[in-house]
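Following the hints, complete the assembly by docking chain Y onto the known chain W.
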Amino acid sequence: VRLRRPTTIAFRMLIGSAALALVITVAMTALVLAVSSLRRAITAEAKAKDTLTAALRLQTATGELESSLRGFLLTSSRNFQASWERSLRQIPPAERRLDTFAADDPGLRARVDALESDIRVYVSDYARPLIALARLSPEIARSRTASDEGKRRSDRLRQRFDGLAASENARTAERAAAVQRASTIATGSAIAALVFSGLLITGIGAVGARALSRRLKRAAEAASEIASGEFSARLPEAGPAELAELGRAFNTMAEALDQSRRTLLEQNRQLEENERRKTELITIVSHELRTPLAGLLGFTNLLLARDFDAQTRKHYLAIVHDESRRLSALVDRFLDVGRVEDEAFELQLDPVDLAQLLREQSELMLADSTRHTLVLGLPEGPLHVMADRDRLAQVVGNLIANAVKYSPEGGPIEIVVHDRGDTLRVEVVDHGLGIPAEDQSQIFTKFFRGHAAVHGIPGTGLGLAVAREIVEAHGGEIGFASRPGEGTTFWIELARAPVETPVF
Amino acid sequence: VPNRRTLLICEDESNLRELVRASLGPDYRFVEASSVAEAEEALRLSAPDGVLLDLMLPGGSGLDVLRAIRRRPGPRIPVVVVSAWTTADYRDAATEAGADAFVSKPFVPDELAALVARLLV
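The listed protein sequences derive, respectively, from chains W and Y. For what it's worth, our numbering labels the leading residue of the first sequence as 249, then goes sequentially. For what it's worth, our numbering labels the leading residue of the second sequence as 266, then goes sequentially.
Among the hints, erroneous ones may be present.
[Stated by the list, open to error] So the derived label-pair ranges between C-beta atoms look like this: (1) Y/Arg-332 with W/Ala-577: 33 to 39 Å; (2) W/Thr-621 with Y/Arg-335: 33 to 39 Å; (3) W/Ala-603 with Y/Arg-332: 46 to 52 Å; (4) Y/Arg-335 with W/Glu-514: 42 to 48 Å; (5) W/His-563 with Y/Arg-332: 32 to 38 Å; (6) Y/Arg-335 with W/Arg-509: 47 to 53 Å; (7) Y/Ala-353 with W/Arg-496: 54 to 60 Å; (8) W/Ala-577 with Y/Arg-335: 35 to 41 Å; (9) W/Ala-577 with Y/Gly-290: 28 to 34 Å.
[As the list claims (entries may be wrong)] Covered by chain W, per the in silico footprint, the following chain Y stretches (three or more residues, Cβ under 8 Å): (10) 302-313; (11) 354-367; (12) 372-382.
Just so you know, the hints here were simulated from the structure itself, not pulled from any lab data. Just so you know, even glycine gets a beta-carbon here, dropped at the ideal spot from N, CA and C.
The shape of chain W in the complex, shown without the other chains (with noise of 0.2 Å):
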């Protein structure tokens, strides 16, 4: 069971969207960070380069500080004097150029500050107090610059400046690496973000586009069917929500179609039965005629060829007056079944009494045969049923009649009625051919005459089908039991007459 809405295409598309925007903005955030990164690497590095060239000027100061003390100490020239006092005017500002790149540097500061303060140390405690001395007392002062004390000095300068350098060389090398990482980053993830969105791209459009092209494959292969006959052609109902849409509203259409196929087809093999039968009854109908014109035609023909006495001229003549007549109630059966077909019968309804009209009808139809034999069982009483007495008359007519033609080997013919208070049930017993099983659903629809015509027996297909519209017509009820080879019972069951009304 799918509890789940199916979602729609819209949706899908919206989601794939929304992934694939994410996508490029993580890639882009990555690209902008791997940007400034290298950007901020690169500033560390000139920043560093910077500070190198401004220690290099202050060593060149300090250098020549020296080298002008060194050369007045071992000439007294002037010129030595102002050399070295200019060299140390320019040590001020190189170490304020210095201090500012170390400004925010814990690390490079401390490193400064040393320096600094070993060349604040050099001047006061060594290069000034040589300085004084050797205006004293050039000698001795000379023979002061020969001891360690100078080159030790200068040394520890030197070094400072060379742990100086090295540090600010390293620190260029690991931020030129830095750069160059930074840089193929950004690279990198610039050229996976454009990789990776065209992929993504790509995939969401060929899914999306191959599964909506394959269901409307099927939906055109599916109409295809349809229209080619095939109307069990249906469409799943599954997967996004305007294809289930689409599935369900085909499958509907298509089950409507054959349904209606079904009901036309229906139709249509009713109305070929109909036309078959209708064939059928203009041969019976023919036959029928056949029988007493026959009779009609042949004595006729016979009186006004030959001569015959006037008996035998009257007895014919009898003939041709019987036949006559049967010929005029077969015109009138034919008459009715066309008028029960038109539903235009009209009953007249009055009290009847069925022991009569029984005993009545069960004579006429058992006159001919000598092989039957009449059982009739009433009950004691007044047997009235509210009737159209010429119709019932015909209806009971046709239901002995019909005992008698289908027990053609003859045999006791039972007419019993049952008093069942508010109506009366007549039933007809045969012991004849009975009903075949296959023929039973069908026997009363019109000119159905099932296995009649292998048995030889004669008819039309009508008289069971006129009884039950004017059975029905009456409000009553027509039914039979039969088992084949054994006989048959037909019944019909009326509402009885109020008592207190005449009877005719």
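Showing chain Y alone in chain W's frame:
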């Protein structure tokens, strides 16, 4: 009349049996049957020289009677089928079962008499 031929009339309508008798006249002796069972009994008892046979009889088809006649040993007797079923398939079925002639109802009495006379020569 001496040496009258015997004809078996198988027909369930008594008026039509009488018409056949009147049509063929006093030259023949008639045996009558109104059902298949009676026809079979008459064939066993009376050895007719010819048969006039209706197709629709109580208890079965006239064709069954015709086939029974054709199965009997002895000389082949003429059989005329007289029927109100006049379509070709009934004629063909009758011919196939061994009928010598097919007469449709209604028939002309003199023509039936001439046909029977010709067949019984």
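Taking the hints in turn, this is what the structure says about them:
no., hint, verdict
1, Y/Arg-332 with W/Ala-577: 33 to 39 Å, "35 Å, holds"
2, W/Thr-621 with Y/Arg-335: 33 to 39 Å, "36 Å, holds"
3, W/Ala-603 with Y/Arg-332: 46 to 52 Å, "47 Å, holds"
4, Y/Arg-335 with W/Glu-514: 42 to 48 Å, "46 Å, holds"
5, W/His-563 with Y/Arg-332: 32 to 38 Å, "36 Å, holds"
6, Y/Arg-335 with W/Arg-509: 47 to 53 Å, "52 Å, holds"
7, Y/Ala-353 with W/Arg-496: 54 to 60 Å, "58 Å, holds"
8, W/Ala-577 with Y/Arg-335: 35 to 41 Å, "38 Å, holds"
9, W/Ala-577 with Y/Gly-290: 28 to 34 Å, "31 Å, holds"
10, 302-313, "violated (count 1)"
11, 354-367, "violated (count 0)"
12, 372-382, "holds (count 4)"
The structure shown violates the earlier hints numbered 10 and 11.
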